Amino acid sequence: MSFPFPRHRRKVSGDVAPHSAGFSLTLSLPSPPFRKTDSLRRLAKVLVNVTIENSLGPVQVLISPDDTVADLIKTALAIYEREKRRPLLKLKDPKHYALHYSPFWLQSLKGSDKLRDLGSRNFFLYSSKSSTVCSCSEEANMSKDDSAFPFMMFVHLPL
1 MSFPFPRHRR KVSGDVAPHS AGFSLTLSLP SPPFRKTDSL RRLAKVLVNV
51 TIENSLGPVQ VLISPDDTVA DLIKTALAIY EREKRRPLLK LKDPKHYALH
101 YSPFWLQSLK GSDKLRDLGS RNFFLYSSKS STVCSCSEEA NMSKDDSAFP
151 FMMFVHLPL
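Mapping the sequence shown onto UniProt numbering, position 28 (from 1) lands on 28, and the numbers just tick up by one.
Keep in mind the hints are simulated off the structure, nothing from the lab.
Do not take every clue at face value.
[Claimed, not checked] Here are the simulated distance ranges between beta carbons: (1) 79 - 44: 12 to 20 angstroms; (2) 129 - 45: 17 to 25 angstroms; (3) 53 - 158: 44 to 52 angstroms; (4) 81 - 158: 13 to 21 angstroms; (5) 158 - 85: 16 to 24 angstroms; (6) 111 - 47: 16 to 24 angstroms; (7) 158 - 96: 46 to 54 angstroms; (8) 82 - 107: 49 to 57 angstroms.
Computed from a prediction, not measured in an experiment: that's the story for all the values here.
For each residue, glycine too, the CB sits at the ideal point set by N, CA and C.
I would like the entire structure built from these sequences, with the hints used as guidance.
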């Protein structure tokens, strides 16, 4: 079985120079679209995801890496309000919120930290509660002290 010789050859862009074993193809590549000075230029904005407490999805914030954590909190709350997300926030002041790396990270980030120094672009925003968390036994003792009849705990009722 013989194959017919193709009548049409592909057209190749570039210079075709004769070579000892046949033809070789020399292509001239265009210069890169950026210069070294452009590649060293810093990012103007970064996309940061901030998940706010009890919300379904993260708020996407486009912010400068030179901004601080306090700026990120303020911007994330403004976007959350502007998008009319649910649940509605009871506290709208950024001072009442703390930014964390993850929901399991207990230590909050400092408000003066720069975003470029944090090393992450995903954060969690929680309302900072002023009350301290206490154990169940401490809460039970506090509720006994607050009752109208504090001596009722000494009275044994026959059943």
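The hints, checked one at a time:
1. 79 - 44: 12 to 20 angstroms: 19 angstroms, holds
2. 129 - 45: 17 to 25 angstroms: 32 angstroms, violated
3. 53 - 158: 44 to 52 angstroms: Since residue 53 and residue 158 have Cβ atoms about 49 angstroms apart, the given range 44 to 52 angstroms holds.
4. 81 - 158: 13 to 21 angstroms: 59 angstroms, violated
5. 158 - 85: 16 to 24 angstroms: Hint violated: Cβ distance 57 angstroms, outside 16 to 24 angstroms.
6. 111 - 47: 16 to 24 angstroms: Once the Cβ atoms are compared, 21 angstroms apart, the range 16 to 24 angstroms for residue 47 and residue 111 holds.
7. 158 - 96: 46 to 54 angstroms: Distance hint for residue 158, residue 96 holds at roughly 51 angstroms.
8. 82 - 107: 49 to 57 angstroms: 29 angstroms, violated
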